[in-house]
Every structure is written in structure tokens, then in C-alpha cells.
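Sequences listed follow chains L and W, in order. Letter 255 of the first sequence, counting from 1, is numbered 255 in the numbering used here, and no numbers are missing. Letter 137 of the second sequence, counting from 1, is numbered 137 in the numbering used here, and no numbers are missing.
Hints are not guaranteed to be accurate.
Pairs count within a copy or across copies, as identical chains cannot be separated in the list.
[Said to hold, decoys possible] List of simulated lysine-lysine pairs, DSS-like, C-alpha gap at most 25 Å:
id: 1; residue 1: K34; residue 2: K277
id: 2; residue 1: K64; residue 2: K341
id: 3; residue 1: K294; residue 2: K147
id: 4; residue 1: K44; residue 2: K120
id: 5; residue 1: K145; residue 2: K192
id: 6; residue 1: K110; residue 2: K277
id: 7; residue 1: K352; residue 2: K147
id: 8; residue 1: K192; residue 2: K341
id: 9; residue 1: K257; residue 2: K147
id: 10; residue 1: K40; residue 2: K277
These are computed hints drawn from the structure, not numbers from a lab.
2 protein chains.
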Amino acid sequence: MSKMTVKIGGIVIGGGNLIRVQSMTNTDTRDVKKTVAQIKKLEKAGCELVRVSVPDMESAVALKKIKSRINIPLIADIHFDHRLAIEAIKNGADKIRINPGNIGSEEKVKEIIKYAKNAKVPIRIGVNSGSLKKQVNYNLKIKSKNKTANYMVASLMEYIEFFEKNDFYDLVLSLKSSEVEECVEAYRLADKLTDYPLHIGITEAGTEKSGVIKSSVGLGILLYDGIGDTIRVSLSADPVEEIYTAYRILDVTGRRKYGVEIISCPTCARTEIDVIKLASKIEKLTLGISKPLKIAIMGCVVNGPGEAKNADLGISGSKNFGVIFKNGQIIKKIPKQKVIKEFEKELNKLLKGDRK
Amino acid sequence: MSKMTVKIGGIVIGGGNLIRVQSMTNTDTRDVKKTVAQIKKLEKAGCELVRVSVPDMESAVALKKIKSRINIPLIADIHFDHRLAIEAIKNGADKIRINPGNIGSEEKVKEIIKYAKNAKVPIRIGVNSGSLKKQVNYNLKIKSKNKTANYMVASLMEYIEFFEKNDFYDLVLSLKSSEVEECVEAYRLADKLTDYPLHIGITEAGTEKSGVIKSSVGLGILLYDGIGDTIRVSLSADPVEEIYTAYRILDVTGRRKYGVEIISCPTCARTEIDVIKLASKIEKLTLGISKPLKIAIMGCVVNGPGEAKNADLGISGSKNFGVIFKNGQIIKKIPKQKVIKEFEKELNKLLKGDRK
């Protein structure tokens, strides 16, 4: 985690604060109604910061209306045109994300800095392996084995120098690539070289199927190392899936306990209940719960009781009946067909109003 | 990777050989027809070793028929009864997996060792955090920060001593838990303390949704560190999904290039083609391809051309047309509705008979 903190709207990231989960809308930002509707859906799923793309003036102006209708900080994603960044700040953006390399000139970046400083709006410097500067002069004191990662971090350090020279320190940093190794090595290096909060993510990770795997591997490695102050999973999918995936990664790396962890056996010849169906039903039942809970669904006596002993709630089955566990103790033995219903009762007791 | 190698049927693991992908059937092993059908499906998906559960004598005897009808090494999963292990060896099992702690006595484990040695059948010692011995006397020279991991590895080392005392070295090791930290720390420690090949996996990882995330994080961390000689992803799902996930994890960690990597942008207000639909269609089109290929599906001009430049084949779109890239060069500009068809033509050219 970073040593410095940055405040985005009402949320402080870095310095050991909660690792915050963000996503990005994929609506047309000018369509305020659709964009707000998507953000509301994201908020409900647990999204804590939301970014929207601002490709034109109309989108920048739309931010004002969008912001007035949502409850989480709004981040403007800007490319190419510094005037869009300035207009976004004027319209209430809580943070600006730019890649200083594609803004055109240092003078134009200075203009953005001026407005951001006045409005106390932090800026994320978003370095992306796909759009690097041609010439980088910064000399890295330490280096990674990965050349692209070195190049990305050198670019980033050069940008940081420029911002600091202009007396601007309200920075969040990101170093994205669609290659896990490039990302991991770049973030590891940046984590050693700077104290600013790191926004971590794998870019263009892919679909809900393959992108979840790539993001889990890349972000999992970083988070397990203790790197990352805010996280975005990028998927070519409904952004709500990004939120779910982000929280599961945070949960399994132990960085932020959140929501329901399902422990279920892969089933084998010993299985006497339909674990796949049961686990999937129970997973659906528990989506949207933010309270950290461990729930076990086990198919047999070999692994069932022993491995479910750490679960807050568990089901294990045999041919004729199901049992419900609570903290390792069998609390109910019931006919199979009543298992889900009884489980839901026990779950609701555990949640006692915590449920969203 | 391990320093030692072990031969399972015709496949050598460890010592820097290919990291092999395995799965486990979830049929009734006594039902030879169903079990063989599932193994055939797994083989087609790229499964290289298959494990079946052997809970009774009838299952052990069935191994003979199963083995005669499949093309990959067959591993017998044994609990509680050493006679099942012996019968499995007699019926042609290429490897036995036991947890020596639940076999009953050292004498019974010795019996298994005798038969395994004669038949040159390797044994996997499968330590599982959910079923640990009560008393472990082994003194670890180095320790992890995680107590359960230390306990798991101490148990494992004690078992290894026993096998070595009985002149048996044909070992594969595993240390499974449903907790990522326990798994990661146990495998890291074992990797330092022994030279035997490591079978890595997270047990009871969960459903296709949550289990994929947990396995990707846990196995991703280990593989990125260079740990692991064979891999199994455990999911409460069709085992074919385990194979797909395993290969994607190997691919993105750079440990074994396999199959198609889809790079697709998460879409935003700038997107002018339906990336989600397109990426999902192309993903389906490319499932089952084993040749390592990188395919990009990009929604706009901001990230499209730049970030697709490392792709073997790519699609990028605007409002009115689509372009197909090959190694960073635009090779075709076509009306949108023809994009998939033209893409498939180019893909087939690239594969030239490599396709399964």
C-alpha cells in the first residue's frame, strides 16, 4: 500500500485505508438517464467510485447532471483534449484520469493542473503499455526484468516529476497492460519507487470468461504482495460483473473481507448430493450480501465435515438427508428436498438486517 | 519447479518438463461407460492426466476397463482403505493418490508402497488442510508466517521421511486448502524444502463463478513464482471448465503458452462496435484451439490500434466499418456485418490444420 493518501469526493484512498472498488460505465455519457441508471446498478453491486469516458464537450457538460443524481465519487476519463478535462472539473468531476502523453503539450497539461489544484481535484496519471511516449529520459534507480515494465515506470516517473515541478501532489498512479507480467513487474517497481496511491488493473483483460481469469491472476499477485490502493477489474461484460470479481479477488487475497465465500467440493464418485446445482443456487441466493461469510457446500463424508469446519454455515449431504452446519456443529438434519429452504432460514438469521 | 522427475504412464512431470493439466471425473467410477465418456470429453478439452475416485472394490476393478478405453494416464484417488489402493494398482492405475494419514496404520501404507514399487507406480501424497494428523513431530528448518501452512508442510515432511525410509522415492506432493493464503504459503515452503514434483491446486474452490477467481488467484501466485509441476483446478462445475481455466492460468502467467488469449477492451462511451457480443462470439469460435494465439477485439481508435499491435489477429471497429489486423498491420477494411465471417477466414489461415 502507498504511504500517501488522496481524497476523491468523500473517499480517502492510500495510506492503509480500505482498498476501494471501482468500475467504468459503458453507456454514452451524453445520455444522462442511461448513464445514471448504470451507475445506480453499480452502486447497488458495491461500486465505490465510478469512471465515465468524456470524449467530447457534451459529455463533459453532462457530468454535472450525472453527479447530482448519484451517491459515489465521479471520475472523468480524458484523452487528447485538455479542454475536456477542464470542463469536467468545472462540472464537478471528483477526479480526472489522463495519460499526459496524449494531451498534446506540457503547456496543456499545466492548464489541467491549474484547474485541478484550484478545485482540489486529484489526477490519476494513467500510463498504458499500448500508448507509451517515444522518448523517455528518466533514469530508473532500480529495474525489473521486464523491459516494457521498466519503460512504463520510467514514463510514469517522468510525469510525476513534471507534476511535482508544478507543485501538484494530489496524484493517483496506474500502469496498465493486457500482459500480466508487464503489469505485475511495473506495479512492483512503482511500489518501490513512489509513495502515491496505486490504482491497479489489467487492461483489455478479455471477456467474462477469460478476463476474469487474467484479472484474478494479475491483481491477485499484486494484492497478495500488498500492492494496490484501489482496484478496477476490466471486462468486456456488464460492469456489475467487474464489481463482483473485484470483491472476490480482494476477499481471497485477504486484503478486504467482503461478501460470501462459497467453499464447495468439485464432486466425484463419492458425491451423494447434487453439489453443482446446490452451490449454484446458494451462490445466487447470496449475491449482493456484503457481510463477510464463509459458506460450505460439501458432497460427502470424506471432505464434508472436516473441511467445512471453518464455515459460518454449511450444507453436507448423503443419499437420504442433508445436514446444516454452523461453525462446525451440526444444527439440523433434514430431508434432502427441504435443504435449501432450511438453509435460507439459517442464512437470514445470520444476516439479521445486514442484507442489502 | 521441482528438481526431480516422476513418470506417470507415458508422461514425465517435474524437472522443468511441461506443466501438465489434470482433472477428475465426477461420474460413478463403477459406471465404466459414463466415466469413459467423461474422460474422452476431458481429453478433447486438453486434459493430460485424469483422476477417478475409488471408494470401493467395484470401482477399483472397473479401472482396468476404463484404462483400456482411454488415452491418458489414469490416477486412482484412495481414502481409508489400503486394499483399494492395491487393487487399483493391480488393475493398471498409473498413479495412486493417498492421504497417508487416513489409511489407518503405517503397516497398511507399507503394503501400498510394496505394490507401487513393484509396479513402478508413483504415489501422490495429498495433504489436505481439512484432514490433518493430530500429532506432527517433524521440525521445520524454515517456517512460514501461516501456522496452518507450517502444520501442513510438517505433516508432509513426516510422510516423505516415512516413504524414503521404505526406499520409495517415486513421489508427487500436494498441499491443498480452500484458503488461498494457506495454500500459497504451504507450497512456497514445500518448494524450498523438497525436490519432488508439486501437484498444485486449491481445494473446494467453489463454483464456476467464484471458484475460477479463487483458483486463478492462488494458482496464479504460485505459477508466477515458478512453483508447480502439474495443476488441477477444482470447480463445482463440468470438469471441462477446469481444463479451460487451468490452461488460461498457465498461459497468462507465462508458464505454458496454450490456446487463444482474447484481448478485448471493457467498452466505454467511446465504443462504436458491440465489443461484448463480438468478443464472446470470437471466444466461442476459438475454444478448443491449442495453438497459442493472441486475438484482440477493440472498440475504438483510442486503444484499438496501439494495444492490438502485439496480437496475431485483431478486430477494431468504428461506426460504419470494421478492420482486421494481423501483427499490427491492417489487412482488411470491411462492412461491419461481414466482420466475423472475414475474421474466421483469417483465423483458419493462421491455424492451417492445427485446429483440433
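Going through the hints against the structure:
no. : hint           : in the structure
1   : K34 with K277  : between (35 Å within a copy, 19 Å between copies)
2   : K64 with K341  : neither (46 Å within a copy, 43 Å between copies)
3   : K294 with K147 : between (41 Å within a copy, 20 Å between copies)
4   : K44 with K120  : neither (28 Å within a copy, 58 Å between copies)
5   : K145 with K192 : both (15 Å within a copy, 22 Å between copies)
6   : K110 with K277 : neither (57 Å within a copy, 40 Å between copies)
7   : K352 with K147 : neither (52 Å within a copy, 33 Å between copies)
8   : K192 with K341 : neither (51 Å within a copy, 47 Å between copies)
9   : K257 with K147 : between (35 Å within a copy, 20 Å between copies)
10  : K40 with K277  : between (31 Å within a copy, 23 Å between copies)
Of the numbered hints stated above, those contradicted by the structure are hints 2, 4, 6, 7 and 8, listed in ascending order.
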